[in-house]
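The listed protein sequences derive, respectively, from chains W and V.
Its first residue numbered 191, the first sequence is counted upward by one per residue in this note's numbering.
Its first residue numbered 46, the second sequence is counted upward by one per residue in this note's numbering.
Rather than coming from a laboratory, the hints here were simulated on the basis of the structure.
Fair warning: this is a prediction, and the values are worked out from it, not measured in the lab.
Wrong hints could be hidden among the right ones.
For the chain W half of the interface with chain V, some residues (derived, Cβ under 10 Å), not all of them [claimed, not checked]:
no. : residue
1   : Tyr248
2   : Ala251
3   : Thr280
4   : Leu294
Under 10 Å between C-beta atoms, here's a sample of chain W residues computed to sit facing chain V [what the hints assert, rightly or not]:
no. : residue
5   : Gly206
6   : Trp237
7   : Gly253
8   : Ala254
9   : Lys257
10  : Tyr272
11  : Leu299
Derived list of chain V stretches under chain W, where covered just means 3 residues or more per stretch with a C-beta under 8 Å from a C-beta of chain W [stated by the list, open to error]:
no. : segment
12  : 87–93
13  : 97–104
14  : 135–148
Quick reminder that beta carbons are idealized off the backbone N, C-alpha and C, glycines included.
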Amino acid sequence: EVQLVESGGGLVQPGGSLKVSCAASGFTFSGFAIHWVRQASGKGLEWVGRIRSKANAYATAYGASVKGRFTISRDDSKNMAYLQMNSLKTEDTAIYYCASYDILTGYSLWGQGTLVTVSS
Amino acid sequence: QTVVTQEPSLTVSPGGTVTLTCASSTGAVTSGYYPNWFQQKPGQAPTSLIYSTSNKYSWTPARFSGSLLGGKGALTLSDVQPEDEADYYCLLFYGGVQPWVFGGGTKLTVL
């Protein structure tokens with residue numbers, strides 16, 4: 191089955207760290223960029239960041255609100271992408287989605303999301 | 046900081062036509078911004094509708110179309126159905142340090 195599945199969400203204290211994962215199956219994962227998007231409860235979508243494919247040197251980019259605190263990585267041998275979140279703030283509380291992207295096919299696949307709650 | 050602006054809410058009657066727009070604080074939206082459109086219903090992950098201005102996915106209903114209109118990205122829904130009631134988001138590409146920025150979303154009510 192062609193899908194993306196996020197995991198690893200949970201409750202973390204302010205200032206803490208958490209790593210969420212995105213597992214891909216059913217398609218050529220290595221050929222796509224992986225984007226992370228988040229949504230706080232009752233709010234709109236926010237672009238978090240992306241990692242490009244090996245052909246594009248695994249280039250990463252981040253949204254202004256997470257730059258310097260979040261790091262995106264991938265392991266093509268495992269069909270996995272990761273979002274490492276450090277120095278977490280209460281405003282990082284959100285559902286985190288991963289999505290595959292290619293300029294020729296767009297955002298062709300989304301995961302179901304994983305909830306990250308930052309609270310003391 | 047770059048801001049992408051959408052109508053906060055729109056209402057349309059069943060069978061009607063409605064156009065949602067996506068404006069950039071940097072100026073006119075062109076094809077180089079690769080406008081993307083997404084639909085999201087309550088409690089669900091977003092669904093991709095349009096990429097690179099006007100390209101549809103295999104699952105995108107024919108009544109949805111994307112274009113550039115008056116310096117903005119646009120999503121037009123024709124023959125609107127009750128199931129089209131949802132939140133709609135646009136996403137623009139800027140390149141550089143923060144390549145992609147979402148609009149604030151449009152809540153579409155079918156009434």
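Do the hints match the structure? See the list:
no., hint, verdict
1, Tyr248, "violated, 15 Å"
2, Ala251, "holds, 5 Å"
3, Thr280, "violated, 21 Å"
4, Leu294, "holds, 9 Å"
5, Gly206, "violated, 25 Å"
6, Trp237, "holds, 4 Å"
7, Gly253, "holds, 6 Å"
8, Ala254, "holds, 6 Å"
9, Lys257, "holds, 8 Å"
10, Tyr272, "violated, 19 Å"
11, Leu299, "holds, 8 Å"
12, 87–93, "holds (count 4)"
13, 97–104, "holds (count 3)"
14, 135–148, "holds (count 8)"
Violated hints, listed in ascending order, are 1, 3, 5, 10; each of the other numbered hints is respected by the structure.
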